[in-house]
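Student: Letter by letter, the chains look like this.
There are 6 protein chains.
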Amino acid sequence: MTKPFKRILFTGAAGNLGRRLRERLHEFADIVRLSDVADFGPAAPHEEIVLCDLGDRDAVMRMCEGVDAILHFGGISTEEEWAPIMQANILGMVNLYEAVHKLGIRRVVFASTNHTMGMYKTTDLVDATMPPRADGYYGVSKVFGETLSRYYWDRFGVETVCIRIGYCWPEATNYRQLVTWLSLDDLVQLLHRSLTTPRVGHTITFGISDNEGRWWDDRHAAFLRYKPKDSSQQFADKLPAEVQYPPADDIATFYQGGVFLHNGPKYRP
Amino acid sequence: MTKPFKRILFTGAAGNLGRRLRERLHEFADIVRLSDVADFGPAAPHEEIVLCDLGDRDAVMRMCEGVDAILHFGGISTEEEWAPIMQANILGMVNLYEAVHKLGIRRVVFASTNHTMGMYKTTDLVDATMPPRADGYYGVSKVFGETLSRYYWDRFGVETVCIRIGYCWPEATNYRQLVTWLSLDDLVQLLHRSLTTPRVGHTITFGISDNEGRWWDDRHAAFLRYKPKDSSQQFADKLPAEVQYPPADDIATFYQGGVFLHNGPKYRP
Amino acid sequence: MTKPFKRILFTGAAGNLGRRLRERLHEFADIVRLSDVADFGPAAPHEEIVLCDLGDRDAVMRMCEGVDAILHFGGISTEEEWAPIMQANILGMVNLYEAVHKLGIRRVVFASTNHTMGMYKTTDLVDATMPPRADGYYGVSKVFGETLSRYYWDRFGVETVCIRIGYCWPEATNYRQLVTWLSLDDLVQLLHRSLTTPRVGHTITFGISDNEGRWWDDRHAAFLRYKPKDSSQQFADKLPAEVQYPPADDIATFYQGGVFLHNGPKYRP
Amino acid sequence: MTKPFKRILFTGAAGNLGRRLRERLHEFADIVRLSDVADFGPAAPHEEIVLCDLGDRDAVMRMCEGVDAILHFGGISTEEEWAPIMQANILGMVNLYEAVHKLGIRRVVFASTNHTMGMYKTTDLVDATMPPRADGYYGVSKVFGETLSRYYWDRFGVETVCIRIGYCWPEATNYRQLVTWLSLDDLVQLLHRSLTTPRVGHTITFGISDNEGRWWDDRHAAFLRYKPKDSSQQFADKLPAEVQYPPADDIATFYQGGVFLHNGPKYRP
Amino acid sequence: MTKPFKRILFTGAAGNLGRRLRERLHEFADIVRLSDVADFGPAAPHEEIVLCDLGDRDAVMRMCEGVDAILHFGGISTEEEWAPIMQANILGMVNLYEAVHKLGIRRVVFASTNHTMGMYKTTDLVDATMPPRADGYYGVSKVFGETLSRYYWDRFGVETVCIRIGYCWPEATNYRQLVTWLSLDDLVQLLHRSLTTPRVGHTITFGISDNEGRWWDDRHAAFLRYKPKDSSQQFADKLPAEVQYPPADDIATFYQGGVFLHNGPKYRP
Amino acid sequence: MTKPFKRILFTGAAGNLGRRLRERLHEFADIVRLSDVADFGPAAPHEEIVLCDLGDRDAVMRMCEGVDAILHFGGISTEEEWAPIMQANILGMVNLYEAVHKLGIRRVVFASTNHTMGMYKTTDLVDATMPPRADGYYGVSKVFGETLSRYYWDRFGVETVCIRIGYCWPEATNYRQLVTWLSLDDLVQLLHRSLTTPRVGHTITFGISDNEGRWWDDRHAAFLRYKPKDSSQQFADKLPAEVQYPPADDIATFYQGGVFLHNGPKYRP
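Protein chains in written order, with the working numbering: chain A, 1 to 269; chain B, 1001 to 1269; chain C, 2001 to 2269; chain D, 3001 to 3269; chain E, 4001 to 4269; chain F, 5001 to 5269.
Just chain A, with the same shape it has in the complex (with noise of 0.2 Å):
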């Protein structure tokens, strides 16, 4: 069967996400390329196994050679102390598009997150125009690398989409999950989506499956054609049935980030 692509490559194939989607990846290339810092084992017949530390611009360059298209999910992806985020995914994601740049490589998607907003309240509505308000050093790091792959947008026409994805875990437990779940199935199509239509220029989109209720609009990205599948409300009976309103200063609620609120920024002190 004719795939889309003939090799992409993936990033952070030893992380939650990565582990998760390395299965379903064949569906977009002949040869998957993997890549991750740390040795993760073996590779199946049609993968390429790259261990590479992004912080190394020469390691990067070679991870990035022949392939049509990234997904870029390395990285740190947790509140973590400013060292080792500034290395992974300030570094790391110049020494990405340094390489892209350099190699002529048309298309990223870049994995971003729900944190680049998280500090917009539960009752608000945020869209892809609308100024990101972070949450913590992990989210001030993606959108850095929403704003790096933007100018390489708008001056080289590197064209990138930026997945901000939601709780993309097998179940929802609670209501800011409910909200903001992400089924694997959707994730893969939104993927799909993004690596074959035609003209994405720079693009950001929430990855997010069809939940009843929403905190994001993501009508800027409708020409990826992304169409959810699944939906959340399958969990909801499972949830606590007595209501107990939170606290008034209950940051987790209050506001979009939830918990990540309470662990950042992490510094010595």
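Hints listed in this document are in silico derivations from the structure and should not be mistaken for laboratory results.
None of the values given here were measured: they were computed from a predicted structure.
Here a beta-carbon is modelled for each residue, glycine too, at the ideal position from N, C-alpha and C.
Each hint should be verified, as a subset may be incorrect.
Claimed, not checked - Looking from chain D toward chain B, a few residues come up when the C-beta cut is under 7 Å (computed):
(1) I3031
(2) V3037
(3) W3082
(4) V3094
(5) L3103
(6) M3119
(7) F3144
(8) T3147
Use these hints to put chains B, C, D, E and F onto chain A, whose structure you have.
Tutor: Frame of chain A, contents of chains B, C, D, E and F only:
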């Protein structure tokens, strides 16, 4: 079965919506306190009945004691002379919020109306950020309620969901009602979501079913996770097939308020 | 069976859409008056046929006499030299509205086109309040039609629905057509709603089916109660799976107008 | 010298602004009818004095007879308990507009207040299309006045200019007053423009002088041709040079309403 | 002294504005080519005169040869029957832009009109992104010119500044003219800035002096660095002091277009 | 004479702006602490000098101790390779805000740049709510600073004014500089207002003088009461009179970033 609340208060229990909603309110709380200005019969086992003139501050305070949340459907609900509207919808609203604030009640669901925006045209699309355009004294009094409750949120943290209720009767019998119809089931769902969403702040939402066509864009209340299940389309075939365009100066089809525009304002000559 | 109107006029009956729509028009009126510039065969029992050059004011006046409403599909419908476009789409439009105004006809449904906004990018989301961006002389002439009919509404109360029709052919065969496809059934529904909604004022609406993905946001015409039943998704699987990104300077994929951009404007060297 | 009007009515003549404006009102009309609830001395030759309780419908009707236009400064103008505010600012407003409508008076200039938007932050820029955010009962009552007068315009064609008056005292003595200061001369100009512009419909305008810095964007009322001549900058040097940032939770500097937030709402314990 | 251009073309030299501007055009270029449809006298030393019917494509081409930039003031400039407007303002505009494109002329300054938006109300604030609302055939033809020139920019890179000229006569004698007045000096400055700004793309700007009050918000053309020096305020005192509100249905004061609304559209009965 | 503060910190004292501003800083505080990475001479009597590498967390902490407010002009201020920019503008910014937060310093004025939005066109009007469009690594790093400081406001209440400084050199010598010029006096005023306004929250403002023409709309920072006294118009006459339109593909005139677009991004081949 565990219910969302221990005790809720429903005002306006003897009104049209009150009578239709009464049998559904037990879904929300162990004890449903019902109130209206005049006697409306005995309480069921899970009910409490409190007769109360909303214009009587002390009575309102007593009515509110001990409840977890309030569904405020009381007051005048149609075009009238100013005196009774002021007593019930203006003074009554002030009395209610003073009690709510003093008693530390966290949330009110306020039955507002589409007549807060009845002077928009039937070709306009209205959302919750647009200025109200009331179509009579009744509508003006409901805008007052939205303004007052906003103040109690901004200043004191009392949460209110204002539902601009459409045409909530069993059947839609003309074009305007096709657009604005709200089924009882959908209203119950919307009340449930308004009561149980962890945070609502001060929210204006539009109470309509999943009708084809709409005059109101509810996206700013999307976080409520209200998803209507009914549609007025079931009544569409009963409307006359023959089209006769309304006279150019027929305000009841030109403005969203419909025949209410012919009624108001009522005042002695 | 009662029909919405006694007599409607359909101009452009010999065109592509005219031929496909002809058998459906009897749903709208007891008598369907069909018109085009050149002979297109005999009338069916419920039909009247009027040959008419839109550039001929007196002929246009006669064509319009006695009708309840007009579906104006006449004129040039593709990129052309200016002279014939001006005759049919500019002068013809003026002649039509002078007749409509003089005869007191209340409503026109005007076949506008997506080429009124063909210079927006394929990553843009366009709505009816945004300035037109025509992609050729044909598109410019249709913007003229929208402007003129707006004037006749603002000043004289003639109601017009301008439908910016997408790709209305039996099958979608490329990405652009997937996004812009309009089924005949959906077009018929949209015409029906445009004719029978009690008030339309001057409305610009987008004629597309319920395709996945969209370039056009039709919320300002939501009151028309148009709800497409078809989707281009049925054709998606026939497109080639392999992705080859279009050249960076390929205007036919960069702009919404598609290959029309290669055609226009046509003029003698 | 010809004056704009034969007779105008000024309500609230015994109030702070009424007393300061009184000597300027003769510029507007041959006869100035002054009114307040209690005696405030004798009339000058060009004046008429009418004592009137705004809560008394019949008295209000008599007060309005024979005037060409009204400057409505009457009512409560500071934070108070609800009962007197309702009597003067709610019922009084209804009485006034019923009289205006019945008598065919074409225009009212309504003294609204910046406290209609006192819950916006001092870093916000507010314009007339944004939802009011009252900062107390007084502000809520003025929003009511804006809503009611809007209705009388939309439905009956009564024209009103609502002036959200800033800090109109001789001298500005703190940062908030520097921003919101309005000189008497500028107020007189604004009243003149509000009265004499041929069309005003229903307009909300912001009454401030040409101060440096502003919280309010008045561009939607630009057609009034108001051009302030004074500036609070003359008082800037008298403010203390030393800066001490206000406490983070000091609502009187956080919100535009200033110390009014400490006052309201007043109600019996 | 060095002048901005070697040769510019000014069309409509025999019109009202053409005659008044003629003596000022030498500031812009060494050679000023003047054109109109009928003889208007001899050329001055630095002038060239070309008689040209704008409806004649070949003549228009010849008229444009060898010029660096064009000030297009030609065509009908008042309400008229459609036939002459179409010939001069529609066909003439097409002929001009075909010539401009073919000859590689980089920039046109187009004399548009405030009658492109005459159906906005006198209480509205209009900016360049809002949809035009023409008030007659003349206004409709100028919207056409703006649409066509936009197309030539979007598709071919021809730059145009469309100036929506206000009331450009020596003196303002009523309220509408106070608002819309444009002095000749300010027009000359605006032409200069429109011609000499390095980049203008396709810009719509509003040609008024620094009058008090305004209906038009020109911020989207701020980059032109136009700063009017004159003001209509000098004429304000000559207006009658006495105010008599216009009848509620007086369209000439209700809409921005003024008395033009009484004229149009002109067509044979 | 009383000064606004006891001690302020100015970083980047050895840079271009630092050297020019140094003699003016005593207006702000009794003691001015100056800092830069390398030695820049001795302190004046009212000055303290602290040498500090912004990439050194502990040194930054020491540098910030005991100050009332910070003017942060330190870091790289031109297009450069990524490594030094990351060290000074990314890591340095994080170090600064960790210190500010820990030490409880209430306010920072951050020298951002117009290159945060250099990829907007010279015909665009940009305001503070629009997404940044950086024009190189330098601009990207300043967007990072705006994002990080926003986070520290949203989460911790640290106030920051981000000044997007224009062209701040003694003289404007081309069209771009005419538009973007900022005089030293105006910068000093803007710094003063940014430091002394009681509340600023997180504000983005545009640092330009009162030039004719503008690309940036600063209305969202109007509350700062910044009122420029100088204008670039004094330099306008020195520009060449002759106009030669820039080539259509000249990015330095097409985009606001100007020649910076030719510089970046710098990276080893």
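Student: Does each hint fit the structure? Answer for all of them.
Tutor: Hints and how they fare:
no.	hint	verdict
1	I3031	violated, 28 Å
2	V3037	violated, 19 Å
3	W3082	holds, 5 Å
4	V3094	holds, 5 Å
5	L3103	violated, 13 Å
6	M3119	holds, 4 Å
7	F3144	holds, 5 Å
8	T3147	holds, 5 Å
Consistency with the previously given hints fails for numbers 1, 2 and 5, ordered from lowest to highest.
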